[in-house]
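The lines below spell out each chain.
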Amino acid sequence: MSTLSQALWVLLLGSLLGLELIGKVPPTLHTPLMSGANAISGITVLASLTLIAQADGNGALLLLGGLSLGFALFNVIGGFLVTDRMLAMFGGRKTKGAS
Amino acid sequence: MDFASYAIDLVAVLLLALGMKGLAKVRTARSANGLAALAMGLAVLGLLLQLQPGPTAWLWIAAGTAAGGIAGLITAQRVPMTAMPETVALFNGCGGMASLLVALGVALFQNEQADLVARISIVISVFVGAITFSGSIVAMAKLQGWLDTPDWTQSSLRHGLNISLAVACLAAGLALPADPAGWPLWGLVLASTLLGIGVTLPIGGADMPVVISLLNSYSGVAAAAAGFVVGSQLLIVAGAMVGAAGLILTQVMCTAMNRSLVSVLFGGALGAKAGGSVGGGGDEAGYTRIVSCSPEECAMALESAERVVFVPGYGLAVAQAQHALRELAKLLEANGAEVTYAIHPVAGRMPGHMNVLLAEADVPYEQLVEMDTINPEFPRTDVVIVLGANDVVNPDAKTDPSSPLYGMPVLEVDQARQVFVVKRSLGAGYAGIANALFELPQTAMVFGDAKAVLQQLCTELRSQGVGTKTPVAA
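Top line first, the protein sequences correspond to chains A and B. The working numbering numbers the first residue of the first sequence as 1 and each following residue consecutively. The working numbering numbers the first residue of the second sequence as 1 and each following residue consecutively.
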């Protein structure tokens, strides 16, 4: 019970933090922000890793975990890189042609 | 060991929050993105230290990492900037799928260890994960033009269908905790997947960014639910953060488009009937007072203009005409004209999308002017050139209460002395609504592909000696 209430507190505070963090955003950044937040939501990798590590040699579970890890990492790596590509255009004029 | 992984978790959460905060400011956005990525890496490292996976587990971790990592790497590098909304949708759908698969794994094979809380979390994780996945994929397919809006989805039939699917989800969700690996699980997977499709399919392309943003928020919720399933507080925090932030962004987008979330989700596609004729020019009969002109005439007007405003829209991006536009702007600047770009909050396909596209063409950041700043400037503007934008310059939004766009903030280009609209045909805009701007006396249509027209304008201006005498300062 204490772990549950602890987890619920974490959920509540995390939500409040999320609401507070994105207060004022210039419209320019909406697309990159959405893309960045999307990459962060790929944090499910942690769940996938846990599933694999605790599979105890169960083949089906390993497969599910592996698939899930693949999907999540696709989200994370693709998401961060694409966000960086977008933001690079705002900031560094010097990096022109580098991508 | 426990202490170390706790410490790593705390640092990771802190960095994630700082990263998210930094992403909201132009100057810090890029480093903040890196910070968030670092936090993610740290979290993974901390978890691996704590879990101590065996050799078989490592093999699967390596396989999953290689597959997902390489696919992500390639996609991120190859995808064109114009396709950004679709790409975000695709990534997002995969995140939802990952949460769904984790919940499936636990439900099928580890249900003895799962207490009631974990079982309820499985329900949420499967439900939200499946909706996120199928909804995102449909959103992507619609933005890519692979899927149309079927007629039946615009009738009340779809509400009946979606309500039955939702009831099916609820029934399966209630039955699941007692029987985690049986029929309720598969029923829930099937019904939620179909529900995701059923809810997203009727929504018109113009509203899709809002849907993607909402689905982005869902994938955060799915991650938080997966956090409850596997008992990871870091996952719960990060998921909740993204979920809440996604909701705020969705709200911001709705405000910019003057649509309520409820009408986006349940109101059907805006002007869906005309939606099929986009680009086809099927609505020409609706216009009576259209004046068209050649690029030469347009160039003559530009030559003597002192203040020029470009209104770029998605059509510009589709034609890949950003660079041609930048070239024309340079010519005009060398001719002594003041050139700015009017950016509607939802220009392109998402808020901020057009800024990204123009930045790609090296348009100086200071020349991109937002709607509220530029609107008072239009009356003293000589020439406005609308490039592939339509609904965001429709004056009906201010004057005609019967227009579906009524109330949406628009760029008041009808206040300018002269307006040229570069457009391929008179086909309806993305929202499928006729545009009163085209019929105003000061408006002339320049028919043609945006890139071709811009290049003709440049050639024409050069042949008249405009901008060639003085060297262009970058």
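Hints listed in this document are in silico derivations from the structure and should not be mistaken for laboratory results. These numbers come from a predicted model, not from an experiment. Yeah, the Cβ is synthetic: ideal placement off N, Cα and C, and Gly gets one too. Any given hint could turn out to be false.
Said to hold, decoys possible - Not everything, but these chain B residues come out facing chain A in the computed CB check (under 7 Å): (1) G22; (2) A24; (3) T28; (4) R30; (5) L35; (6) P55; (7) A62; (8) A166; (9) A168; (10) L170; (11) Q233; (12) A238; (13) A361.
What the hints assert, rightly or not - Derived pair list, reagent style EDC-like, types lysine to aspartate or glutamate, alpha-carbon separation capped at 20 Å: (14) B:K25 / A:D84; (15) B:K451 / B:E306; (16) B:K330 / B:D372; (17) B:K21 / A:D84; (18) B:K25 / A:E20.
Hint check:
1. G22: violated, 9 Å
2. A24: Since chain A brings a Cβ to about 4 Å from A24 of chain B, closer than 7 Å, the hint holds.
3. T28: Violated: closest Cβ of chain A sits about 10 Å from T28 of chain B, beyond 7 Å.
4. R30: Holds, because the Cβ-Cβ distance from R30 of chain B to chain A comes to roughly 4 Å (cut-off 7 Å).
5. L35: Because about 10 Å separates L35 of chain B from the closest Cβ in chain A, which is outside the 7 Å limit, the hint is violated.
6. P55: violated, 10 Å
7. A62: At 9 Å from the nearest chain A Cβ, A62 of chain B fails the 7 Å test, so the hint is violated.
8. A166: Hint violated; A166 of chain B Cβ to chain A Cβ min 23 Å, cut 7 Å.
9. A168: Violated. Min distance 24 Å.
10. L170: Result: violated, 22 Å to nearest chain A Cβ.
11. Q233: holds, 5 Å
12. A238: holds, 4 Å
13. A361: Violated: closest Cβ of chain A sits about 9 Å from A361 of chain B, beyond 7 Å.
14. B:K25 / A:D84: Within the cut-off at roughly 14 Å; holds.
15. B:K451 / B:E306: Violated, because 23 Å separates the two Cα atoms, which is more than 20 Å.
16. B:K330 / B:D372: violated, 25 Å
17. B:K21 / A:D84: Since the Cα atoms of K21 of chain B and D84 of chain A sit roughly 16 Å apart, the hinted pair holds (cutoff 20 Å).
18. B:K25 / A:E20: With Cα atoms ~14 Å apart, K25 of chain B and E20 of chain A stay inside 20 Å; holds.
Checked against the numbered hints listed earlier, the structure breaks hints 1, 3, 5, 6, 7, 8, 9, 10, 13, 15, 16; every other hint is satisfied.
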